[in-house]
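Asks: Here are the chains, one letter per residue:
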Amino acid sequence: MNKDRLNDPHAIKLLSRRAHELSSSFDEVKLMHVCGTHEHSIVESGLRALLPENVRLVSGPGCPVCITPKEDIEKMIHLADKGLTVTTFGDMMNIPSDSGSLSDAKSRGGDVRIVYGIANSLALAAKGKEVVHFGIGFETTVPTSSVALMSGQENFSILSVHRTIPEAMEFLLESDIKVDGFIDPGHVSSIIGVGVYRPLSEKYGVPQVVAGFEPGDIMLSVVMLLEQLHDGRAVVENEYARAVRENGNTKAISMMEETFEHYDAKWRALPTIPNSGLRIRKGYSEMDALKRHEDLLGDFEYVPRKEESGCRCADMLLGNCSPEDCPLYRGICSPDNPVGPCMVSIEGTCNIAYKYGQ
Amino acid sequence: MCLAIPGKLIKKDGDKGIVDYDGARVEVRLELVDAEVGDYVIVHTGFAIEKLTEEDALESIALWKKIMEMDG
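Those protein sequence lines, which keep their order, are chains P and F. With this note's numbering, the residue at position 21 of the first sequence is 21, and numbering never jumps. For this note's numbering, add 358 to where a residue sits in the second sequence, where the first one is 1.
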């Protein structure tokens with residue numbers, strides 16, 4: 001690949017021109033990415049303005065904080081209220097559930113701490129505190145939880161709400177949401193590789209491109225998808241070869257398989273998605289917070305309530321609407337007063353749109 | 359949370375290492391990659407998750423610098 005190709009304005013202009021040429025052979029094309037960092041890069045660089053009018057680039061369920069079920073947030077709050085030390089990534093702190101947020105638990109005296117990574121949580125446990133880490137995230141983050149589980153650290157457990165991306169993509173393809181092409185997430189793919197996406201292209205005839213995070217990476221990936229659609233091909237191509245291998249990071253994959261198993265899991269605002277959740281295997285149940293703290297969770301009760309009235313976060317996660325389509329956006333819903341998770345998380349589509357003034 | 363940027367591994371001690379981001383040095387864990395001093399790695403939540411070839415890593419860093427300069 002040409003070293004200077006990415007983000008060079010002239011190169012971007014050429015890519016944009018090519019996208020326009022290709023677009024004349026389609027009525028409407030809907031391309032979806034499933035990664036909060038892709039959305040960030042697209043909005044920050046104003047990439048959508050460079051696309052043909054009939055090419056829509058939409059955001060799918062790629063924000064791990066946004067799709068974490070309220071029930072799991074409430075379990076973490078419950079454990080903090082019971083006196084355990086709870087660790088979480090920062091943007092989970094203010095996500096609302098029906099019984100407040102982790103931030104509220106901290107305000108009333110709970111030991112809730114923001115960590116940069118799970119190694120910080122292990123260090124806290126090594127000092128003698130009983131620590132529960134909120135294990136959120138997709139395949140990029142899962143192997144770091146595996147390392148923690150395999151460390152055998154005492155006083156430490158994980159509440160796993162890890163979810164996997166290919167299963168979510170298959171769910172979308174099985175639903176009535178029409179997606180003409182997928183931009184596959186860069187660093188999830190660094191772990192799981194390119195090959196795992198192939199069955200989806202073969203079964204559903206959908207083109208895919210694994211993409212990096214520079215605006216040039218994404219622009220190039222869009223053009224690669226349009227070329228495939230134009231030629232009537234449906235394969236998986238790798239635009240991000242500098243960080244993604246065919247078989248992924250095999251060391252990380254084997255550690256994930258050692259410690260986690262798939263199950264049918266709920267995503268916030270979405271239905272249960274077959275095989276999309278990862279729970280901790282029996283061999284590591286000492287470090288599975290749901291088992292280790294079974295007694296403390298004995299009186300935990302989750303009473304599901306309806307999602308906030310008017311909030312269209314669910315449609316947003318399915319790529320069915322844009323922030324401007326939501327009646328609450330920029331009205332009562334803003335980063336200072338977020339109604340739904342898409343506005344709270346720094347990876348949420350509404351939060352990103354608001355920040356860049358869209 | 360998926361912000362992962364490439365840096366150069368400048369020190370390795372078992373499963374721990376130091377990654378240099380153009381001057382800023384950060385401790386990383388190395389359990390997930392077979393990386394040696396001098397390799398460029400992508401770091402996510404404190405763990406190196408994949409190696410890059412040096413040429414490509416330099417390319418990414420040049421872009422990173424450019425973005426930083428635009429920001430400043």
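No lab work stands behind these hints: they were computed from the structure. Do not take every clue at face value.
Listed below are the simulated DSBU-like cross-link pairs for lysine-lysine, each with C-alpha atoms no more than 30 Å apart in a straight line [what the hints assert, rightly or not]:
1. 70/P <-> 282/P
2. 82/P <-> 366/F
3. 30/P <-> 366/F
4. 129/P <-> 70/P
5. 82/P <-> 129/P
6. 30/P <-> 291/P
7. 251/P <-> 282/P
8. 291/P <-> 82/P
9. 106/P <-> 82/P
10. 369/F <-> 127/P
11. 106/P <-> 127/P
12. 106/P <-> 291/P
13. 370/F <-> 282/P
14. 251/P <-> 369/F
15. 129/P <-> 370/F
16. 374/F <-> 129/P
17. 13/P <-> 203/P
18. 355/P <-> 13/P
19. 178/P <-> 355/P
20. 106/P <-> 129/P
21. 203/P <-> 370/F
22. 129/P <-> 291/P
23. 366/F <-> 251/P
24. 370/F <-> 251/P
25. 70/P <-> 266/P
Asks: If a hint holds in the structure, say so; if it doesn't, say that too.
Replies: Status of the hints after comparison with the structure:
1. 70/P <-> 282/P: Since the Cα atoms of residue 70/P and residue 282/P sit roughly 25 Å apart, the hinted pair holds (cutoff 30 Å).
2. 82/P <-> 366/F: 42 Å, violated
3. 30/P <-> 366/F: 38 Å, violated
4. 129/P <-> 70/P: Given that 30 Å is the threshold and the Cα spacing comes to 26 Å, the pair holds.
5. 82/P <-> 129/P: 14 Å, holds
6. 30/P <-> 291/P: 43 Å, violated
7. 251/P <-> 282/P: The hint holds at about 21 Å.
8. 291/P <-> 82/P: 16 Å, holds
9. 106/P <-> 82/P: With a Cα-Cα distance of about 12 Å, the restraint between residue 106/P and residue 82/P holds, given a limit of 30 Å.
10. 369/F <-> 127/P: Holds, at roughly 26 Å.
11. 106/P <-> 127/P: 20 Å, holds
12. 106/P <-> 291/P: Given pair residue 106/P, residue 291/P holds - Cα atoms ~24 Å apart, limit 30 Å.
13. 370/F <-> 282/P: 33 Å, violated
14. 251/P <-> 369/F: 21 Å, holds
15. 129/P <-> 370/F: 29 Å, holds
16. 374/F <-> 129/P: 23 Å, holds
17. 13/P <-> 203/P: 34 Å, violated
18. 355/P <-> 13/P: Judged against 30 Å, a Cα distance of about 25 Å means the pair holds.
19. 178/P <-> 355/P: 28 Å, holds
20. 106/P <-> 129/P: Distance of about 16 Å is within 30 Å: holds.
21. 203/P <-> 370/F: Roughly 44 Å between the alpha carbons, so the hint for residue 203/P and residue 370/F is violated.
22. 129/P <-> 291/P: 18 Å, holds
23. 366/F <-> 251/P: OK: residue 366/F and residue 251/P at ~20 Å, within 30 Å.
24. 370/F <-> 251/P: The hint holds at about 18 Å.
25. 70/P <-> 266/P: With a Cα-Cα distance of about 10 Å, the restraint between residue 70/P and residue 266/P holds, given a limit of 30 Å.
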